Amino acid sequence: MPQIAIVGGGPGGLFTAWHLEQLATAPIEITIFEATDRVGGKVITPRFTAAPVHYEAGAAELYDYSPVGDDPLRELVESFGLPTVALGGSRVYVGGRAIANLDDLRDAYGDRACRDLGNFDTWARSVMTPREFFASGSDHAGSAEPSGRFDTTLAALPSREIRHYLETMIHSDLATPPAATSVAYGLQNYLMNDPAYMRLYCIAGGNEQLIDALVARLAATMRRSTVVEQVGEGSADQLRLTLLGHEGRREADFDIVVLALPMDALGRLAFASGSLAAAMQRHLAHHDHPAHYLRITLLLDGPPHTPTDDDGYLMLDAFGGCCLYLESAREPEARHGVLGWLLGGAAAESMAAWSDADLVTAALATLPDPLAVDPERVLEARVHRWTGAVSSLPGGWQPLSQDQRHRPAAKTHPGLFVVGDYLYDSTLNGVLDSAEHVAGCVAAELTDHAREI
Amino acid sequence: MTAKDQDATARHDVDADSGATGLAVPGGLPTTAGLRRVMVPPGRAFDLLIVPTEGEPADSGDWIERARLWTAAPGLLPKQPAAHTAVPVLIPLYGCHVIWAPARGAVLGPTGRLDQLQVSLLEFAGCEADLADLELRCNRLLAATEGDAAAAFEFDERGPDRRAELASRFQEAVAVRRGLAALGPAVHVPPVHPPTLASQLAERLRDRTRLPERHELVTDRADFVLQIYEACGQRASEAAIARRQMGLEWAIIVILVAQLALMIVELLASRNST
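Chains as they are written, first to last, in my numbering: chain A, 1 to 453; chain B, 1001 to 1274.
Since the hints were derived computationally from the structure, they do not count as laboratory data.
Being a predicted model, the structure only gives us computed values, none of them experimental.
Check before you lean on any hint, since a few could be wrong.
[What the hints assert, rightly or not] Some chain B residues close to chain A (C-beta under 10 Å, calculated; not the full set):
id	residue
1	Leu1093
2	His1193
3	Arg1204
4	Gln1234
5	Glu1238
Cβ atoms here follow ideal geometry from the backbone N, Cα and C, with glycine treated the same way.
Chain A extracted, bound-state conformation (with noise of 0.2 Å):
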């Protein structure tokens, strides 16, 4: 039976394993394996300790393509027959002045403003049609996606306080500073918040039901608190891996190796072989662009004094456009407030190094007026850094095919395979079309294989 190892217990590994036993048509043995005692990476919905209330610490929304085009990910949450609540917010703080559309908008800048984010969105639009959104990352996308600097896009634009704006509105998307992404990335990120494009939803009760869903339903054995440490060159073509868990140092044999691992955790396994160190360095430097998350949570001790919108989530323009979360919102009969902010990129890199209370102290501060929130109000603070956890896609950065992406020494190492949202667009639908990828690859691998002997 062919031995399987899937190393990375996050949503890339759960996902190759979920698909590779939908896709198998002979029997596998399928091994996870995560450093850590839990499974789920970014899809995390703690509790508090100081009342049963759940937040999200990371993946906090899914996308819905689906008005575009198929949306597995989409599928996979009702197959389970997981509830979803759709998620929306189109308030922007900018000087403390919220702007939730075109009439806030030429209020506060004036008609011109308002023409220049007209001409900015119909620009937009005609670089990136719904479709071209929905096939971006895949190999259908193209070569007609802009590839430049996204700050040279935003600098073109005439109106200050319009630049502003959208810089604000899509720096926690991006993580990274316009500087430092690609025309179609920035792009992708302003559409985005277009019904035309995409939704944004999440799972009731938390997304991390998600991968306990998957979890409950998987048949492959799963190896907690087992680090792996080495990749090596094995028996008859197999991959060795070398583990160190409870029980001790141990090496094992494997047919296929699927490394489900984020940028920095992939950085630091060790590869035995050279040509294979020298794949995966190649690897590596093509797609170690890092970004940042750093997400604050504060519990309240009842709902905030927030206006009682549907909005889920709003914009500041603190920490160079920070998101905040207004998770009690989602659930009318919340006896508790939770607020969460989401900051990324460069502040999120250099306040990672911040004690939990000054940030929790930088984030009240943040609050304006409508929304200002006495710290003595606040019961607990969670604190979660996501340093390097996802990837910016840089400006001129040129995607590989898929196989290329997925299998970084095809001709030396057949066996090894690569899965991460980093590959995509660092979301947890992008992480998807990954694992779908490469469990394709082997399930067709293993049949040919099987046809052979």
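Following the hints, complete the assembly by docking chain B onto the known chain A.
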């Protein structure tokens, strides 16, 4: 809220749109509050309460509640299909509040925003009233199909007598389906981007009242009803043709019998002569 605002005596406003009288601004609202009666399709009166506030109406929670109670006043709700909401929908929207019920609505917000909100609310009220009317007509037709479905398969001897009745139901089903087709673009309007306050309100109202889903459901029902009455029409035509054919057949039989009789008479006459 000032003591003046708290004046419990209801004030009467002149109706700006229809000229009707008898509209009263509920007590306890600011003196600047006004009331309009607007006729929305299909010829239904819609009362709109306009309450100017300044800034975030955090201090106007009482006004919102008063406006909500006024909007929900009993006895005002037109007869609605069971699926139709009778509870006023309250939409807080970026410093403004909008309340909608089938016969009444209210907008509370800064003066500079009220015009956009009114236009959007009235457009929605018209669209919703239109849909509610079509739902009602479709439900009536649907109930009638229970008795008429048999005629869609075969006409009995009473069938021809019901032809006019079935024809009128078919015409009504066509009218309902036509109304739904005409209403479709207003119900399934794509979201506007970048949004305006009016578009945001329209989207939320459509979403909260599940207007697209209701439209799809009633369209499915109307299609079903139309199929039944189309089949009834087919059977009615077949019955009419069958009746005409039967008359023709009898005429032929009579002619043949007459011809036969004449032949017999001729035969007898020729035998007697020989």
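Hint numbers not upheld by this structure, sorted from lowest to highest: Hints 4, 5 not satisfied by this model.
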